[in-house]
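With the sequences and hints as input, model every part of the structure.
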Amino acid sequence: MDKQSNDNNAQEPDNGSVGVPAPEGPANLIDTDYVIGQDNVATTKFGLEIDLHGKVFSISALIILFFVIITLALQDQVGPAFTALRPWLTNNMAWFFLFSANIFVLLAVVLIFTPLGRVRLGGMHAKPDFSYMGWFAMLFAAGMGIGLMFYGVAEPMTHFGTSLSGSDWAPLGGAPGNEQAALNLGMAATIFHWGLHPWGIYAIVALALALFSFNKGLPLTMRSIFYPILGERVWGWPGHVIDIVAVFATLFGLATSLGLGAKQAAAGLEYLFGIPGGEVTMVLLITGITCVALTSVLLGVDKGVQRLSQINMVLAALLLLFIIIVGPTMLILSGFFENLWNYAADLPALANPFGRQDSNFMEGWTSFYWAWWISWSPFVGMFIARVSRGRTVREFIIAVLLVPTVISVLWMTAFGGAAIDQFVSNGFQGVKEAALELKLFAMLGQMPLTTITSFIGIVLVIVFFVTSSDSGSLVIDSITAGGKVDAPKPQRVFWAVIEGAIAIALLVGGGAEALQAMVISTGLPFTLVLLAACYAIIVGLKDEPRG
Amino acid sequence: MYSKIMVPVDLAHLEVLQPALKTASDLARHYGAEVCYVGVTATTPGSVARTPEEYQQKLEAFAREQAGDHGQRASARMITSPDPIADLDDVLLQAIEDTGADLVVMATHLPRHLDAVMPSHGDRIAAHTEQSVFLVRVHNRDG
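Taken in order, these protein sequences are the chains called A and B. The UniProt record's numbering puts the first residue of the first sequence at 1, with every later residue one more than the last. The UniProt record's numbering puts the first residue of the second sequence at 1, with every later residue one more than the last.
Just so you know, these hints were derived from the structure itself, not from any lab. Note that the structure is a prediction, hence the values are computed from the model and not measured. One thing to keep in mind: the hints can contain errors.
To be verified - Derived lysine to aspartate or glutamate pairs resembling DMTMM-like cross-links, with alpha carbons at most 20 Å apart:
(1) K22(B) <-> D102(B)
(2) K22(B) <-> E60(B)
(3) K489(A) <-> D87(B)
(4) K303(A) <-> D89(B)
(5) K127(A) <-> D302(A)
(6) K4(B) <-> D26(B)
(7) K127(A) <-> E53(B)
(8) K542(A) <-> E395(A)
(9) K4(B) <-> E60(B)
(10) K432(A) <-> D421(A)
(11) K22(B) <-> D69(B)
(12) K4(B) <-> E130(B)
(13) K489(A) <-> D10(B)
(14) K4(B) <-> E34(B)
(15) K4(B) <-> D69(B)
(16) K303(A) <-> D90(B)
(17) K4(B) <-> D102(B)
(18) K55(A) <-> D39(A)
(19) K22(B) <-> E65(B)
(20) K303(A) <-> E60(B)
(21) K542(A) <-> D31(A)
(22) K55(A) <-> E179(A)
(23) K489(A) <-> D90(B)
(24) K489(A) <-> D123(B)
(25) K489(A) <-> D89(B)
(26) K127(A) <-> D87(B)
(27) K432(A) <-> E179(A)
(28) K4(B) <-> E15(B)
(29) K4(B) <-> D98(B)
(30) K489(A) <-> D302(A)
Dropping the structure here:
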């Protein structure tokens with residue numbers, strides 16, 4: 001074993017101070033004696049190079065192994081326990097999730113307009129690593145791509161249905177018997193779940209990580225956010241625990257979603273080509289997705305992840321354009337502005353955490369979504385942070401908060417609006433009755449060129465998974481390597497393969513839902529992490545030079 | 001024969017670079033060539049430096065130290081990459097063009113089985129550049 005340190009270089013005579021020298025003014029480094037990688041184990045065994053954070057890697061690997069074994073072996077006991085934990089959390093802590101998410105959005109919006117928005121990530125003279133298009137494509141593909149495929153048709157339809165019938169699941173009490181009002185409410189509620197709040201959550205995590213890494217010189221791992229609160233203690237156990245939970249949430253979040261995505265893709269293939277959608281198909285799909293993801297992580301962020309994300313953007317834009325042109329064009333275009341307005345008008349009521357009458361909707365939908373977005377935020381946030389060096393805070397928040405929200409509004413208006421229009425104008429019941437994973441295909445089935453568009457839909461589902469899987473592997477690798485992004489390649493391969501393997505194990509052995517419930521439960525501790533991040537962002541930005 | 005020798009260096013692993021550094025210095029003195037030390041670093045904080053600016057300072061100091069120890073003319077060039085592990089080969093090939101080097105001296109590990117799947121950087125550079133490449137083997141067991 002070869003403990004690595006930079007002692008050879010730490011005491012350059014021309015650097016003045018011992019340890020970490022101050023850079024020439026562009027940013028304000030935090031003064032710490034911690035050397036990135038000092039707790040790492042670096043060695044070459046069996047011809048493979050490794051460079052890992054000893055504690056974070058070994059403990060998270062053990063916990064992961066333990067949970068996979070226990071959910072497979074004790075399904076009947078563990079499954080119900082995890083599955084019961086989730087509603088308990090999302091119901092009892094609903095006010096806390098809603099309240100916190102509002103804080104994140106408010107802080108992000110406020111930052112756009114304050115002088116702090118002029119701070120540049122990476123120091124005043126930093127230059128962006130990626131073009132606007134490449135950057136934005138990556139943000140979006142990592143953040144919610146797959147969910148838009150899954151829920152784009154399903155969610156507006158559901159809220160529209162409950163609002164119309166006045167069911168006790170309707171948002172804000174619904175609009176019984178009033179089709180137009182039910183449509184408005186359904187769209188506003190959907191957009192609420194896919195708009196400012198999820199992106200506000202991502203923006204806060206990503207901004208805090210980018211700030212403390214690029215401007216303050218701390219390693220790119222979750223623990224760095226806590227430096228203003230815990231000080232040097234973040235390098236010890238409190239920090240290890242934060243990083244381990246982040247690895248856990250990321251890996252299981254990805255593995256369970258990989259399982260769900262394989263289900264949707266398999267269902268689509270069965271619907272379209274009659275390929276039997278059994279376990280074999282899904283295992284083959286996951287294997288295929290993992291192989292592509294593997295190639296992509298080996299090619300790296302620039303040539304792998306970025307290119308795939310761009311392909312994805314183009315395909316998604318084509319599908320969106322197709323639905324706008326072939327579907328009810330005028331309805332979608334005017335609906336876009338109406339929905340934007342409805343969203344703005346209903347936002348205060350939907351986001352209010354206290355004294356709500358529609359507790360089913362608030363607890364079963366909103367609180368569930370917030371926990372879900374928050375449990376994904378370490379992964380998405382860290383990835384967004386990594387590709388955002390060189391942007392100003394203002395530019396960053398506009399790109400991470402406002403632009404994706406507008407795109408979500410357009411997407412939901414097009415996909416949901418087209419499906420609801422089929423129901424309202426033509427009395428088509430297909431989408432309403434289809435299973436969740438088939439709703440998209442049922443809607444496309446009512447339009448021309450069904451085979452082509454459905455096939456694009458399936459490809460999009462698959463490629464969105466690849467882009468989540470590869471960026472996830474990069475994130476887990478850098479957390480378990482103590483914040484190093486230049487750890488040896490075999491580690492990336494390891495994580496990408498493990499992700500696929502766990503997804504297959506959970507799919508074949510069962511227990512995916514139990515673990516998904518477990519992942520969502522990590523939303524609660526991470527809400528606290530995010531609140532800490534808000535504080536850290538304000539403290540951190542205040543002593544940065546502004547351009 | 002040669003006027004500019006490019007030497008890729010990793011400031012985190014200087015010990016394994018020693019034979020390559022020595023070779024480059026000796027060749028430089030023999031041909032009266034300049035040695036350009038090229039360091040590729042991530043934009044995120046790493047074990048060597050916490051910002052690219054700091055890496056640049058260390059690389060320049062390293063080049064001055066080499067010049068002082070061995071007596072050749074030396075320069076330093078830092079290149080940043082968001083994903084240095086994946087981009088290293090391409091970045092170095094570009095650096096050969098940009099520096100106008102006519103010889104590359106770089107350390108490489110002994111051939112091993114994994115090379116078929118993940119070729120060493122030396123292999124890739126030698127295969128893709130028109131300039132001469134001198135691969136210096138590292139004979140230590142852990143290299």
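Structure-based check of all given hints:
Between K22(B) and D102(B), the direct Cα distance comes to roughly 18 Å. Compliance with the 20 Å bound is thereby established for this hinted pair. With a C-alpha separation of about 18 Å, the suggested pairing of K22(B) with E60(B) holds against the 20 Å cut-off. Restraint check: the Cα-Cα separation between K489(A) and D87(B) comes to about 11 Å, which is no more than 20 Å; the hinted pair holds. For the hint linking K303(A) to D89(B), the alpha-carbon distance of about 12 Å falls within 20 Å, and the restraint holds.
Taken as a hint, the K127(A) and D302(A) pair is honoured in the structure, with Cα atoms around 16 Å apart against an allowance of 20 Å. For the proposed pair K4(B) and D26(B), the alpha carbon gap of about 13 Å is at most 20 Å, so the pair holds. Our distance criterion of 20 Å between C-alpha atoms is met by K127(A) and E53(B), whose separation comes to about 13 Å. A threshold of 20 Å between alpha carbons decides the hint, and for K542(A) with E395(A) the separation of about 17 Å falls inside it, so the pair holds.
The suggested pairing of K4(B) with E60(B) holds, with an alpha-carbon distance near 17 Å, which does not exceed 20 Å. Of the pairs offered as hints, the one joining K432(A) and D421(A) holds, with about 12 Å between alpha carbons and a cut-off of 20 Å not exceeded. For the hint linking K22(B) to D69(B), the alpha-carbon distance of about 10 Å falls within 20 Å, and the restraint holds. Distance restraint check for K4(B) and E130(B): the Cα-Cα separation of roughly 14 Å lies within the 20 Å cut-off, and the hinted pair is therefore satisfied.
Taken as a hint, the K489(A) and D10(B) pair is honoured in the structure, with Cα atoms around 16 Å apart against an allowance of 20 Å. Straight-line distance between C-alpha atoms of K4(B) and E34(B) comes to about 5 Å, which keeps the hinted pair within the 20 Å bound. In summary, the hint linking K4(B) to D69(B) is supported, as the alpha carbons are separated by about 18 Å, within the 20 Å threshold. For the hint linking K303(A) to D90(B), the alpha-carbon distance of about 11 Å falls within 20 Å, and the restraint holds.
In summary, the hint linking K4(B) to D102(B) is supported, as the alpha carbons are separated by about 6 Å, within the 20 Å threshold. With a CA separation close to 8 Å, the supplied pair K55(A) and D39(A) stays within the 20 Å bound. A C-alpha spacing of about 13 Å is found between K22(B) and E65(B), which places the hinted pair at or below 20 Å, so the restraint holds. Between K303(A) and E60(B) the alpha-carbon distance is near 30 Å, which puts this suggested pair outside the 20 Å criterion.
For the suggested pair K542(A) and D31(A), the alpha carbons sit about 16 Å apart, so the restraint of at most 20 Å is met. Among the hinted pairs, K55(A) with E179(A) is inconsistent with the structure: their alpha-carbon atoms are about 57 Å apart, more than 20 Å. Under the criterion of a C-alpha separation no larger than 20 Å, the hint pairing K489(A) with D90(B) is consistent with the structure, at around 16 Å. Straight-line distance between C-alpha atoms of K489(A) and D123(B) comes to about 16 Å, which keeps the hinted pair within the 20 Å bound.
Restraint check for K489(A) and D89(B): satisfied, since their Cα atoms lie roughly 13 Å apart, inside the 20 Å limit. Distance hint between K127(A) and D87(B) is fulfilled; the C-alpha atoms sit about 18 Å from each other, no more than 20 Å. The hinted pair formed by K432(A) and E179(A) meets the criterion: a straight-line CA distance of about 15 Å does not exceed 20 Å. Proximity of K4(B) to E15(B) is assessed by CA-CA distance (about 24 Å); at most 20 Å being required, the pair is judged violated.
For the hint pairing K4(B) with D98(B), the CA-to-CA distance comes to about 12 Å; that is within 20 Å, so the pair holds. A distance of roughly 15 Å separates the Cα atoms of K489(A) and D302(A); the hinted pair therefore holds under the 20 Å criterion.
In summary, the numbered hints that this structure violates are 20, 22 and 28.
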